[in-house]
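Be aware that the sequence shown starts at 547, since it is given in our numbering, and climbs by one per residue.
Hints in this document: simulated from the structure, not taken from any laboratory.
For each residue, glycine too, the CB sits at the ideal point set by N, CA and C.
Where hints are given, some of them may not hold.
In silico DSSO-like pairs for lysine-lysine, Cα to Cα no more than 27 angstroms straight-line [to be verified]:
1. LYS614 to LYS551
2. LYS941 to LYS688
3. LYS608 to LYS595
4. LYS688 to LYS801
5. LYS551 to LYS595
6. LYS688 to LYS894
7. LYS551 to LYS852
8. LYS888 to LYS571
9. LYS595 to LYS614
10. LYS614 to LYS571
11. LYS688 to LYS608
12. LYS774 to LYS809
13. LYS941 to LYS801
14. LYS571 to LYS595
15. LYS587 to LYS563
16. LYS820 to LYS688
17. LYS848 to LYS563
18. LYS894 to LYS563
19. LYS551 to LYS608
20. LYS809 to LYS820
21. LYS939 to LYS894
22. LYS774 to LYS848
23. LYS596 to LYS608
24. LYS894 to LYS571
25. LYS801 to LYS820
26. LYS587 to LYS571
27. LYS774 to LYS727
28. LYS595 to LYS556
29. LYS727 to LYS809
30. LYS608 to LYS571
31. LYS852 to LYS941
32. LYS556 to LYS852
33. LYS848 to LYS556
34. LYS556 to LYS596
35. LYS848 to LYS888
36. LYS563 to LYS614
37. LYS551 to LYS563
Label-pair ranges, simulated between beta-carbon atoms [to be verified]:
38. HIS580 to ASP935: 35 to 45 angstroms
39. LYS596 to ASP935: 26 to 36 angstroms
40. ALA814 to GLU567: 51 to 61 angstroms
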Amino acid sequence: MNDIKESVTKTIQGLDKELREISLKIHDDPELGHEEFHAYKLLTDYLEKKGFEMSYEVAGLKTGFMAKYSNSSSGRRVGFVCEYDALPGIGHACGHNIISVQGLACTLAFKALLDQDLVQGSVVLFGTPAEESTSGKIDFVKEGVVQDNVDYAMMLHPFADDGIYTRMLALDTLVVEFFGKASHAGMAPWNGINALDALMQGFDNVGLLRQQTIPTDRIHGVITNGGKSPNVIPDYSSARFYARSITRNQLNALKPRLENCFKASALASGCNYKLSWAPLGPVEDVFMNDALALNFKHYMEKEGVKYRSRAEEEQISTGSTDMGNFSYVVPSIHPAYSIHTKAANHTKEFAAAARLPQAHQDTLRAAKCLTFTAAEVMIDDSLYQQVLDDFKKGKPQ
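Given the sequences, and given the hints that come with them, work out the whole structure.
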């Protein structure tokens, strides 16, 4: 592994300046999901110049791509991942500019190993749009892009703290619609059927339901249409809800209970209703591969990183990521790494931290360790078998 470590370290150090420039360009031009045209062109042009075989508009997504490089048709295939969409109003508050950097750094460092014949196989970089909205990785999985091209997949995510086994929750999206009858709110309100009342009662029902859900369940929503004028009984209302649980099975148990909150309010108000879950299915919880995770942790600890115990980490629930969908079709890891901030993700403060030089250096250090793990799986048959065995055992539900 010494030659591999030296090569990876040298390659990533040599990329420092140009990766920093890419990070700042993405950060300073935040684009919402499926609209990341600047970031998409920036990343794909860069990878094409670096000699990768490029696929564009992957899985039918205009800003999805795949970059591939190989020195053998028979070796193992590792996949890394880029994200590059931003959040409405607060920009890159989940650090997707540096998530792009970690994907590039790992992929280019691995390409150097292939060029030097230090490993045999292939490296793939998946450019996955809209992680914050419609979850583009689901499309990649549905189209078989992941399973057909890699044997294992890896990506890093910036947070305030380092972590391996913090919970990333399964999530599904519910669109709620009520259909009533309009009427003059002052002259003849009794002739109306109030769709907004139905929605508000549904919100109340959700609030009461929370007391009877397990502590790791999450339900949250916003009104997307509450009527047009206070002088008209609303004949239509709508809302968008997220339901989350620590496993896919627990999410499946929660979803009908959430539906019942709105079915009951429709009955009470006299409205008709429509409930629509995400058409491509849920965002899966992350199934962290133990063999990959422990190997990565070993390299990060050598860099001086300290972790909580696994039992402590597993008590921490964070957000959700469509990397979970990758993790159920190929062995995967999605470790958290600290960027030296106390700010939580999805805040303006985190967006500011993700632009700092410190966050960039933290990203390159973690990317170096992730590449070490990817390479060790390539050359160590027993480690690779352990990766497969952990995957085959499945995740406790």
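Evaluation of the provided hints:
Between LYS614 and LYS551 the CA atoms are separated by roughly 22 angstroms; this keeps the pair inside 27 angstroms, and the hint holds. The straight-line distance between the Cα atoms of LYS941 and LYS688 is roughly 20 angstroms, inside the 27 angstroms bound, and the hint therefore holds. Between LYS608 and LYS595 the alpha-carbon distance is near 20 angstroms, which keeps this suggested pair within the 27 angstroms criterion. Under the criterion of a C-alpha separation no larger than 27 angstroms, the hint pairing LYS688 with LYS801 is consistent with the structure, at around 22 angstroms.
A distance of roughly 25 angstroms separates the Cα atoms of LYS551 and LYS595; the hinted pair therefore holds under the 27 angstroms criterion. Distance check on the hinted pair: LYS688 and LYS894 sit about 33 angstroms apart at the alpha-carbon level, beyond 27 angstroms; violated. The hinted pair formed by LYS551 and LYS852 meets the criterion: a straight-line CA distance of about 21 angstroms does not exceed 27 angstroms. Restraint check for LYS888 and LYS571: satisfied, since their Cα atoms lie roughly 24 angstroms apart, inside the 27 angstroms limit.
A hinted pair counts as satisfied when its Cα atoms are at most 27 angstroms apart, and LYS595 with LYS614 qualifies at roughly 13 angstroms. Of the pairs offered as hints, the one joining LYS614 and LYS571 holds, with about 24 angstroms between alpha carbons and a cut-off of 27 angstroms not exceeded. Using a Cα cut-off of 27 angstroms, the hinted pair LYS688 and LYS608 holds, with the two alpha carbons roughly 16 angstroms apart. Restraint check: the Cα-Cα separation between LYS774 and LYS809 comes to about 24 angstroms, which is no more than 27 angstroms; the hinted pair holds.
Using a Cα cut-off of 27 angstroms, the hinted pair LYS941 and LYS801 holds, with the two alpha carbons roughly 20 angstroms apart. Distance check on the hinted pair: LYS571 and LYS595 sit about 18 angstroms apart at the alpha-carbon level, within 27 angstroms; holds. Between LYS587 and LYS563, the direct Cα distance comes to roughly 19 angstroms. Compliance with the 27 angstroms bound is thereby established for this hinted pair. Taking the CA atoms of LYS820 and LYS688, the gap is about 26 angstroms. The hint holds against a cut of 27 angstroms.
Among the hinted pairs, LYS848 with LYS563 is consistent with the structure: their alpha-carbon atoms are about 25 angstroms apart, no more than 27 angstroms. Simply put, LYS894 and LYS563 have alpha-carbon atoms about 25 angstroms apart, close enough for the 27 angstroms limit, and the pair holds. At roughly 36 angstroms between alpha-carbon atoms, LYS551 and LYS608 are farther apart than 27 angstroms, so this suggested pair is violated. For the suggested pair LYS809 and LYS820, the alpha carbons sit about 9 angstroms apart, so the restraint of at most 27 angstroms is met.
Distance check on the hinted pair: LYS939 and LYS894 sit about 40 angstroms apart at the alpha-carbon level, beyond 27 angstroms; violated. Distance check on the hinted pair: LYS774 and LYS848 sit about 60 angstroms apart at the alpha-carbon level, beyond 27 angstroms; violated. A distance of roughly 22 angstroms separates the Cα atoms of LYS596 and LYS608; the hinted pair therefore holds under the 27 angstroms criterion. For the given pair, LYS894 sits about 18 angstroms from LYS571 by alpha-carbon distance, which is consistent with the 27 angstroms threshold.
The straight-line distance between the Cα atoms of LYS801 and LYS820 is roughly 15 angstroms, inside the 27 angstroms bound, and the hint therefore holds. A C-alpha spacing of about 12 angstroms is found between LYS587 and LYS571, which places the hinted pair at or below 27 angstroms, so the restraint holds. Using a Cα cut-off of 27 angstroms, the hinted pair LYS774 and LYS727 holds, with the two alpha carbons roughly 13 angstroms apart. Proximity of LYS595 to LYS556 is assessed by CA-CA distance (about 20 angstroms); at most 27 angstroms being required, the pair is judged to hold.
Taking the CA atoms of LYS727 and LYS809, the gap is near 17 angstroms; set against the 27 angstroms cutoff, the hint holds. Proximity of LYS608 to LYS571 is assessed by CA-CA distance (about 20 angstroms); at most 27 angstroms being required, the pair is judged to hold. A distance of roughly 25 angstroms separates the Cα atoms of LYS852 and LYS941; the hinted pair therefore holds under the 27 angstroms criterion. The hinted pair formed by LYS556 and LYS852 meets the criterion: a straight-line CA distance of about 25 angstroms does not exceed 27 angstroms.
For a cut-off of 27 angstroms, the pair hint linking LYS848 to LYS556 stands: about 18 angstroms separates their Cα positions. Restraint check: the Cα-Cα separation between LYS556 and LYS596 comes to about 16 angstroms, which is no more than 27 angstroms; the hinted pair holds. Between LYS848 and LYS888 the CA atoms are separated by roughly 23 angstroms; this keeps the pair inside 27 angstroms, and the hint holds. Under the criterion of a C-alpha separation no larger than 27 angstroms, the hint pairing LYS563 with LYS614 is consistent with the structure, at around 23 angstroms.
Restraint check: the Cα-Cα separation between LYS551 and LYS563 comes to about 20 angstroms, which is no more than 27 angstroms; the hinted pair holds. Taking 35 to 45 angstroms as the suggested C-beta distance range, the pair HIS580 and ASP935 conforms, at roughly 38 angstroms. The hinted range of 26 to 36 angstroms is satisfied by LYS596 and ASP935, whose Cβ atoms lie roughly 35 angstroms apart. Under the hint 51 to 61 angstroms, the C-beta atoms of ALA814 and GLU567, about 58 angstroms apart, fit the expected range.
Hint violations for this structure: numbers 6, 19, 21 and 22, all remaining hints satisfied.
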